[in-house]
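Chemist: Residue strings, one per chain:
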Amino acid sequence: MKLTLKIWRQKNAQDKGRMVTYPIDGIDGDMSFLEMLDVLNDGLVSRGEEPVVFDHDCREGICGSCSLQINGEPHGPDRLITTCQLHMRKFSDGDTIVIEPFRAKAFPVIKDLMVDRSAFDRIQQAGGFISVNTSGNTIDANAIPIPKNDADHAFNAAACIGCGACVAACKNASAMLFTSAKVSQYALLPQGRVEATQRVLNMVAQMDEEGFGNCTNTGACEIECPKGISLENIARLNRELLSAQLKG
Amino acid sequence: MSLLSSSVMRKFAMALSGLFLVVFLAQHFVINITSVIAPDVFNQWSHFMGTNGLVQGILQPVLIFGVVFHFIMGFVLEIQNRRARAVRYVQYKGGASASWASRNMIISGAVIMAFLGLHFYDFWWPEIMHKYIESHPENPTRYYAETVHKFENPVRVGLYATAFILLALHLWHGFASSFQSVGFNNKYAQGLKGFTKFYAVLIPLGFLFIALYHHLNPIAH
Amino acid sequence: MSLDSKIPQGPIAEKWTKHKTLIDLVNPANKRNIDVIVVGTGLAGGSTAASLAELGYNVKTFCYQDSPRRAHSIAAQGGINAAKNYQGDGDSTYRLFYDTIKGGDYRSREANVHRLAEVSGNIIDQCVAQGVPFAREYGGLLDNRSFGGVQVSRTFYAKGQTGQQLLLGAYSAMNRQINRGKIKPYNRHEMLDLVIVDGKARGIIARNLVTGELERHSAHAVVIASGGYGNVFFLSTNAMGSNVTAAWKIHKKGAYFANPCYTQIHPTCIPVSGDHQSKLTLMSESLRNDGRIWVPAKLEDAQAIREGRLKPTQIKEEDRDYFLERRYPSFGNLVPRDVASRAAKERCDAGHGVNKTGEAVYLDFGSAIMRYGKEKAIMQHLHDASDEKIRELGEAVVEAKYGNLFQMYEKIVDQNPYKTPMMIYPAVHYTMGGVWVDYNLMTTIPGCYAAGEANFSDHGANRLGASALMQGLADGYFVLPYTIGDYLADDIRTGAISTDSPEFDAAEKQVQETIDKLLANKGSKPVDHFHKRLGKIMWNKCGMSRNEKELKEAIAEIKALREEFWRDVRVPGSAHELNQELEKAMRVADFLELGELFAKDALHRNESCGGHFREEYQTQDGEALRDDENFMYVAAWEYKGAPEDAVLHKEPLAYENIQVKTRSYK
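Protein chains in written order, with numbering that gives the first Met the number 0: chain A, 0 to 247; chain B, 0 to 220; chain C, 0 to 665.
Partner residues are not named here, just some residues of chain C that face chain A (Cβ under 10 Å, in silico): (1) Gln64; (2) Ala74; (3) Gln125; (4) Lys158.
Just so you know, these hints were derived from the structure itself, not from any lab.
Idealized CB from N, CA, C, for every residue including glycine.
Generate the whole structure from the sequences, applying the supplied hints.
Modeler: This is the structure:
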């Protein structure tokens, strides 16, 4: 396969950045998208040029490192997968592929396609935990039965990999799907109810402080989320926040 | 206003004001449709709305506040949202994951706002002039003829029709969205969503029908 | 230095309890004046950092990822073992202890393994309290599955994402401490050397991967929890960034490296599709519960399949060789990982492989689908259901059990595994070897600890499924918080360690020189070129089966490759910026040294045990032949300037609570 890549190059956070066009040849349909970029980088290094920088690690869709806005969509055109699971057979010979970093004020570009997503970490530090000591003596794991349905819903929310596709897809660069998934996981479990009020207030305050946009319920985040995190979580966050505000 | 310091609470306020306006639309529509079915009833109800102290003194200011709040808040949120993505994408395929209506509430909203300007100029301001400034005596039968007369001009009908279409788009996303914003998303939400879509089409279509009806059936002078 | 494993006296079941009560403690006011560095933020590092910070120590964490949550523990699928006996099927601390020792082929330390089994139950309590959403039954209690051929159901799981959920639990505990200011996270930082002052580990040199700046960080103790070194094979199920650098740097500073040749090769991975391949994807071992593994019995059929002239579904039942069922009638497709992997390789080497590269075998759900379909048909009273109907019903059952795995397979391979058999091949998955530690998890450098996959301690020569997560969390939540205090009790009057010392100067200078050398090299080939070649040598000569001749060749080839690397590698860019090629180059440089020690260790171990199979040491029918008389010891290697000069130290293993037997799965 022969392709034309248009890739965002930006030397560092201060640089203005620009799109650069790279022709590439010999791409096989069985390659993953990131392996295609490996081929590009191999060529660049061999010619003495600087390779394209992008985040990636596990390459099996679970670590949440890889990002990339591909042809205008986070993680590319395929659904329920991350960029590392996207395969080149989804493209055709002669295609032009536009590759950009995830864009949000709260995700500043570090270099080329790599962005700083530490805002997500700070949201979780604000309240994404249950205050129990790790090596203390806790009650037996089966002491509190939890309805299977609640446990399953908590799991579905907890499956979020923190990749930031929700922010990248949202026209407002809102982080509500991410934040709501975290809030929901704990809100659905009895262990998490104890601190529920303070948790949701703190996490939403931190989310706002990071400079993410407002949620306008377009639903783009849910469609683009590689883990299929549901909009129900956002509704739950709204309920949780409302009741927390009322409790003061 | 400290309640509105959180983005989620702003969204909640936006939803409440929106729901209030949806209810108002229904009421407005019910009165208007009588102009097609029973002009006498239309005159009666219009006279009541125009002269009742509770409606004029309390509900009318609340409504105006609701409209202004919804409008200003909409623009504030839009500005914040634009700031949240300082550098735009070179290529952004918003249509792949969200409807046009949901992504362009600011456009449909702005058109509706412009329409409201025209609508106030057409009906509200003349009423105020008539009642409070020029202080004409009460005439409970004037409303029907005045209304029909307004729809003689095809340009006005065209502008109204455009606004109704955008109103439909605005409601198509906004009505359902307001339930999500207040946290209502359970097993009944799917059915409710169906109702909101039905409403979003029915009400603007009804208004459009009324405008066209009067345009096509003018009162002979 | 002689090896002292510091195993406490007394009966095995009381060792840990007694040890905990006898060791020194640090009082809370003094903990505030003590700093600890934790390198790596996976299950072991994350849990260590959170626990130490809760106790009151000042913790600094380091990870090369952009967030602690992305450490590769996140990719573990199957589950975590714990001797809870919730199912009432006869599980106990002793049975978990016994299974782990046996599964490790009698090459692990009894006292450590028993402690692991003792604390396993508390890990589950702890994780549930933290909000980890484990799978539950309809009654609201925790569900268990069986795993890895043991006879009880003791594996707790969260769908196929148990590692993710446990890591997010540890990360949430870290977040609570970051919020309190007790943990300072240094993300996108890579440890490049250990600093030793007066014989004790007192800090590290780390590179800020964003700015390229070298930073000095001091502490009273350093914990290495940087994971395994499977990426020495280039292709493995490890993350792209997983590396041996932190462990190797402490090895070069005096920490012994134990049993480097013990590697776990997992049988059910998606095969390599071509030269561009960058990593391998694991398919959960649970698939072997229902899938039957086979290759075409006739060589000409295998060749026709490789050339695309024949489809697997066209091969008649009698022309299929279900080789695991044939060789191991009692365990069949459920033999342990090492046995299943070697059997697949043996068939492919004999020319029966089924994909383009000839390195794949079939994992066939055809008979499971029909079996489940018939059961369903009976339950639905469909007495004369057609084959299609039965197949449809069966596919629905299989989808409910393995739907997400089948979908993942289809995304990668572009074949529908419901209609055509899956192709699988073994891949490097886990390394049992690692930094040698004593009972307290301290390395041979005072004040330097190793936890999780980075140490060697609990799995012997082969790890059981669902035990890696257990060990990582046991080390971090329940072992280090005690044992590290015993060491730090002597440090309450030390005060802050200055980074302005000749030792820090020297360490930083050495790192700087290495970086400068790589950047100034201006060779002709990118780093990956050398990494891939190293991987080929390792896979072909130090992989699933090894022999003296090839190991000797491997040693020579790795040495030559290392020299070529330093002569001809090309690293573009500069040191003072984000430079991913430079990061890779530093890691590969260490793999090129470790690889040689790996081969040397494999060469010296003249026996077959667990993940180490020497062709010279096998029974007549191809089973592993252990030599307990001469090799029942931990091989701990001391660095002496080059891998070839490494000196072997032996820690003899004594089994007082278990009878040593030969593993048999026939």
